[in-house]
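Heads up: the protein sequence lines correspond to chains R and V, in order.
So my numbering is basically just the index in the first sequence, starting at one, shifted up by 9.
So my numbering is basically just the index in the second sequence, starting at one, shifted up by 93.
Simulated from the structure, these hints should not be mistaken for laboratory data.
Some hints could be false.
What the hints assert, rightly or not - Chain V is faced by these chain R residues, among others (derived, beta-carbon under 10 Å):
#1 GLY49
#2 GLY65
#3 PRO70
#4 LEU92
Note that CB positions come from ideal geometry on N, CA and C, so glycine has one too.
Single-letter residue listing:
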Amino acid sequence: ETGVTQSPTHLIKTRGQQVTLRCSSQSGHNTVSWYQQALGQGPQFIFQYYREEENGRGNFPPRFSGLQFPNYSSELNVNALELDDSALYLCASSLLLAGTEQFFGPGTRLTVL
Amino acid sequence: AQSVTQLGSHVSVSEGALVLLRCNYSSSVPPYLFWYVQYPNQGLQLLLKYTSAATLVKGINGFEAEFKKSETSFHLTKPSAHMSDAAEYFCAVSEGGTSYGKLTFGQGTILTVHP
């Protein structure tokens, strides 16, 4: 069974640029959630996708957007990067069931200069 | 709105000593509660979860946690610390309904284990 994978591992961008992060869900999972983890903080919920539709969003501006594909892989796009966007971005896959475990990928470390 | 407070951003114990990491939550409905561990440069791994069954939950690597509704707490314990337990630990809460899958995390507690 393949776990959750994310690419790239590390990324350096400059302020104002756009970035796309990718996530491959664990086999059999239909839900993907994205989290932002700033240095020294707990992860913060960005949004969740279920069967290719957004199914909940945290307190993040519209320049954070996402996609989920028919094979349940997912992308996180961030436009007009700001310095504060520097963080570890975590993807988690799961089934959409109450109390179910989310399986996390290793994350993408984004640095905005 | 749900929230999580982890008391103590750093906890230091000796190898073989009791580990106690504190977590208090706020939720408007019966919550689902989770403890995750994060090793350096890695993602999060689930240690254990509470989903309204037994209030004492046993997890991996000898960890357990007790759900206390009256105290709105879900503290994580391990009787005897091992060097390999050194990591950052996150408590998280999730509500049901339309909030399935939205985990709200605490700020984390870094556990250091001394020889």
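Hints, verified against the model:
no. : hint  : in the structure
1   : GLY49 : holds, 8 Å
2   : GLY65 : holds, 5 Å
3   : PRO70 : violated, 18 Å
4   : LEU92 : violated, 21 Å
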